[in-house]
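Chemist: Read off the chains here:
Number of protein chains: 2
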Amino acid sequence: MSVGIRHDDLRRRNRAMVISAVRRAGQPSRTEIAATTGLSHSTISAISSDLIREGILAESKASEPVSLKRGRPQVGLALNPEAAAVLTVVLSLNFLSAAIIDYAGQVVAEEQRRLDTLTMPRDELIRECMAIVRRRLEDPDLDVRSVARIALAIQGITDSPARAMLWSPITPQTDIAFADMLEDEFGIPATVENDCNMMAVALRWRKPDRYRDDFIAILLSHGIGMGLVLKGELFTGTHSSGGEFGHMIHRPGGALCRCGRRGCIEAYAGNYAIWRNARQMSEDSEPVADVSDADMRALAARAREKDGPEREAYCKAGEALGFGLGSLFALIDPAPVAMVGASAAAFDLIEPALRKAIAQTAGGQHSGSISFDTEPNELPLIREGCAMRALSFVDQEIFAPGAQMRPGVRKNVA
Amino acid sequence: MSVGIRHDDLRRRNRAMVISAVRRAGQPSRTEIAATTGLSHSTISAISSDLIREGILAESKASEPVSLKRGRPQVGLALNPEAAAVLTVVLSLNFLSAAIIDYAGQVVAEEQRRLDTLTMPRDELIRECMAIVRRRLEDPDLDVRSVARIALAIQGITDSPARAMLWSPITPQTDIAFADMLEDEFGIPATVENDCNMMAVALRWRKPDRYRDDFIAILLSHGIGMGLVLKGELFTGTHSSGGEFGHMIHRPGGALCRCGRRGCIEAYAGNYAIWRNARQMSEDSEPVADVSDADMRALAARAREKDGPEREAYCKAGEALGFGLGSLFALIDPAPVAMVGASAAAFDLIEPALRKAIAQTAGGQHSGSISFDTEPNELPLIREGCAMRALSFVDQEIFAPGAQMRPGVRKNVA
DNA sequence: TCTAATTTTTTCGAGCCTCGAAAAAATACT
DNA sequence: AGTATTTTTTCGAGGCTCGAAAAAATTAGA
Chain A
27 MSVGIRHDDL RRRNRAMVIS AVRRAGQPSR TEIAATTGLS HSTISAISSD
77 LIREGILAES KASEPVSLKR GRPQVGLALN PEAAAVLTVV LSLNFLSAAI
127 IDYAGQVVAE EQRRLDTLTM PRDELIRECM AIVRRRLEDP DLDVRSVARI
177 ALAIQGITDS PARAMLWSPI TPQTDIAFAD MLEDEFGIPA TVENDCNMMA
227 VALRWRKPDR YRDDFIAILL SHGIGMGLVL KGELFTGTHS SGGEFGHMIH
277 RPGGALCRCG RRGCIEAYAG NYAIWRNARQ MSEDSEPVAD VSDADMRALA
327 ARAREKDGPE REAYCKAGEA LGFGLGSLFA LIDPAPVAMV GASAAAFDLI
377 EPALRKAIAQ TAGGQHSGSI SFDTEPNELP LIREGCAMRA LSFVDQEIFA
427 PGAQMRPGVR KNVA
Chain B
27 MSVGIRHDDL RRRNRAMVIS AVRRAGQPSR TEIAATTGLS HSTISAISSD
77 LIREGILAES KASEPVSLKR GRPQVGLALN PEAAAVLTVV LSLNFLSAAI
127 IDYAGQVVAE EQRRLDTLTM PRDELIRECM AIVRRRLEDP DLDVRSVARI
177 ALAIQGITDS PARAMLWSPI TPQTDIAFAD MLEDEFGIPA TVENDCNMMA
227 VALRWRKPDR YRDDFIAILL SHGIGMGLVL KGELFTGTHS SGGEFGHMIH
277 RPGGALCRCG RRGCIEAYAG NYAIWRNARQ MSEDSEPVAD VSDADMRALA
327 ARAREKDGPE REAYCKAGEA LGFGLGSLFA LIDPAPVAMV GASAAAFDLI
377 EPALRKAIAQ TAGGQHSGSI SFDTEPNELP LIREGCAMRA LSFVDQEIFA
427 PGAQMRPGVR KNVA
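Line by line, the protein sequences are chains A and B. According to our numbering, the residues represented by the first sequence are 27 to 440, in order. According to our numbering, the residues represented by the second sequence are 27 to 440, in order.
Just so you know, not all the hints are guaranteed correct.
[As the list claims (entries may be wrong)] Straight-line Cα separation of at most 30 Å, DSS-like style, residue types lysine-lysine; simulated pairs: (1) K233(A) / K257(B); (2) K382(A) / K332(A); (3) K257(B) / K257(A).
Rather than coming from a laboratory, the hints here were simulated on the basis of the structure.
Working from the sequences, and respecting the hints, build out all of it.
Modeler: Put into structure tokens, the structure is as follows:
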């Protein structure tokens with residue numbers, strides 16, 4: 027806000043701008059970069075020749091002689107995959123995975139692992155996370171010069187500076203400062219991210235046409251999560267990762283939620299809630315710990331087949347989601363929505379009630395025009411988001427002139 | 027996002043930074059400005075001597091010999107009140123007011139006017155607004171060189187670029203492009219702002235200790251409005267002024283709201299809703315057009331006196347506000363709240379139920395620590411917010427080097 | 001009263017950065 | 001082969017911020 031711009035900030039920012047333009051556009055020419063950034067050709071030329079000399083960018087071999095125009099052909103600039111690498115870790119229910127991603131965004135190595143997160147003691151959970159990171163970093167096959175950053179995505183609530191997991195449905199443990207632990211152990215800057223936020227980041231990269239400045243990613247799973255991008259920026263709470271959409275109140279004093287409160291959206295739309303309603307159990311009954319994807323698929327099949335409690339359960343889920351989205355839209359105006367996760371495959375059962383509910387809300391004035399997209403597989407999305415987020419940090423910080431390029435130096439950057 | 031920083035942007039931004047530092051701090055010395063902006067003393071010296079020469083800043087006469095230290099005494103810098111002026115217009119139910127504010131933020135001239143906004147035809151409403159502006163601008167007593175900007179605050183929904191009123195409860199008219207009209211008529215850049223947003227802006231200036239980066243201003247009046255500041259910036263919707271807190275859904279299918287929908291928070295907490303419940307009328311009954319402040323005060327008095335339907339009505343209002351705030355806090359985390367408007371004087375009747383409700387929500391984990399403040403008089407707050415907003419625009423744009431200083435040039439700036 | 005110490009503000013040269021114009025480079029068209 | 005066209009680089013000019021040193025303005029103490 028009230029901090030001035032130094033003269034040397036200028037070059038740093040414009041360098042970051044060029045790198046980000048290349049990351050976004052694929053293989054833009056210098057001329058294209060000049061156009062998108064608004065800087066002069068001379069400046070782009072100077073910056074890009076610096077970046078090439080430093081091994082951050084490379085002129086792409088003219089794979090395609092695209093230029094049908096006459097004149098000197100444009101030469102595309104690409105990220106040098108070997109300039110750096112990042113490590114992503116995704117921790118979700120009974121599942122841990124890690125991957126090394128090169129500077130151009132390609133997966134170099136990957137490891138997946140099942141573990142019982144719900145019953146695992148605190149130390150062991152932490153040890154497993156550290157171990158998978160160490161194995162990836164020490165992998166002899168790894169042909170990457172330096173891992174410049176670690177991003178760990180977790181299902182649950184993280185703190186606002188992305189240093190710690192505060193609470194998670196996948197474990198009874200709370201307040202684990204993963205970022206500090208990783209930095210202390212490996213000397214690599216690390217952040218802890220919310221899984222739904224990373225889904226949103228990934229969607230932005232995958233479909234920039236649809237998901238640009240304002241959109242919503244909703245995870246339909248055992249619980250309900252949300253990632254929100256507003257005005258081109260990831261929206262987070264002031265103290266936490268925020269966006270606890272699943273725990274907005276749908277019906278005051280209503281159904282019992284996994285979080286112990288009553289009437290949350292999740293208590294109607296989470297898998298356990300759909301399961302509970304489909305079985306015609308009381309709304310006061312304790313949520314089950316887990317419902318398998320197969321069971322949910324069977325439920326959806328039955329709901330499609332004939333009218334009955336299963337169909338009714340999906341209807342209630344749609345209603346809860348619809349009123350919740352309507353309330354959200356009252357605050358932020360309508361925006362495109364992506365439904366992610368296994369239950370997004372049953373969105374056909376949810377959609378009618380959802381649209382009906384949303385039409386009854388302030389944000390639903392043009393409810394017909396609100397569009398939904400489904401993506402049943404959340405894991406690749408989360409990993410992709412982590413990778414892009416970590417790479418963005420690298421773009422902005424590591425390659426600023428004057429910044430030390432060696433990893434191993436702890437930087438407490440949010 | 028992806029727009030580079032030009033070399034000449036640098037000076038412009040740093041000039042704006044210095045001006046804003048002076049506006050914020052009152053009479054800071056050059057040294058203080060250097061400290062808060064992070065720029066060097068030489069730079070601050072150069073910029074401030076430019077600004078003084080241009081008549082934007084002035085060295086303040088050492089009103090107080092504050093310096094108990096030895097050494098050369100600091101010399102405070104102040105805004106030159108004559109550098110420019112802005113015009114604020116506030117349009118609310120049956121009431122129109124306008125004021126000229128000098129560059130230092132002091133009210134120079136003011137006019138207030140009653141009119142029947144609810145029944146007034148479109149043309150007349152517009153004509154009244156134009157007329158009050160013309161009278162202020164042509165006031166022969168006005169000793170101000172140039173009015174550089176107009177800010178019009180309106181109760182209701184405005185569009186996101188602040189050009190038009192989209193909808194308002196004070197008139198059946200919709201979609202009035204006040205900003206364009208004012209600019210065409212008077213040749214002065216104008217914006218149309220939401221009243222609650224301006225309340226929030228004003229609170230930020232009035233009590234920067236309490237209302238800094240994240241807070242909520244709620245207008246308790248005939249309807250329910252909200253202004254939201256997040257991460258130090260006014261939060262608006264993507265297409266509209268957003269923050270339609272009053273129309274988040276409290277009880278799906280519940281009480282009839284003035285907006286025609288059912289179960290909105292406003293349908294329980296707006297004056298007409300409290301009135302309706304206190305009179306033990308059906309929740310389906312049509313909202314009354316207006317309840318006088320005197321009637322509401324009488325209602326509150328009766329509620330304080332003895333248990334009964336009046337007390338119950340305030341209790342329902344508190345519950346609706348509490349669950350709504352809880353849902354909001356689930357998204358953005360808890361933040362200080364200011365209750366503004368005539369009904370804020372009855373907050374003692376609302377608070378217990380509000381706190382009880384909020385404690386049952388995800389955002390209410392530490393509900394005891396959430397603090398509320400009341401301010402019964404909204405009008406001065408709205409005007410003050412308008413003034414500060416308009417002045418901020420002037421700071422950033424008019425006094426940038428290279429920008430034309432003459433008013434009368436239309437600038438389509440959001 | 002006078003001098004030294006201290007703090008604020010200004011001055012000045014150095015070093016960068018971006019920009020525009022012109023030159024150089026690389027290709028298509030004739 | 002020569003010309004037109006488009007991209008990229010080169011180069012000098014102008015501006016900006018910075019650090020160091022100087023100047024200015026005051027207090028503390030002898």
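Chemist: Each hint: holds or not?
Modeler: Now the hints, each set against the structure:
Pair hint K233(A) plus K257(B) holds up; C-alpha atoms about 28 Å apart against a cutoff of 30 Å. Simply put, K382(A) and K332(A) have alpha-carbon atoms about 21 Å apart, close enough for the 30 Å limit, and the pair holds. Distance check on the hinted pair: K257(B) and K257(A) sit about 14 Å apart at the alpha-carbon level, within 30 Å; holds.
Violated hints are absent here; each numbered hint is respected by the structure.
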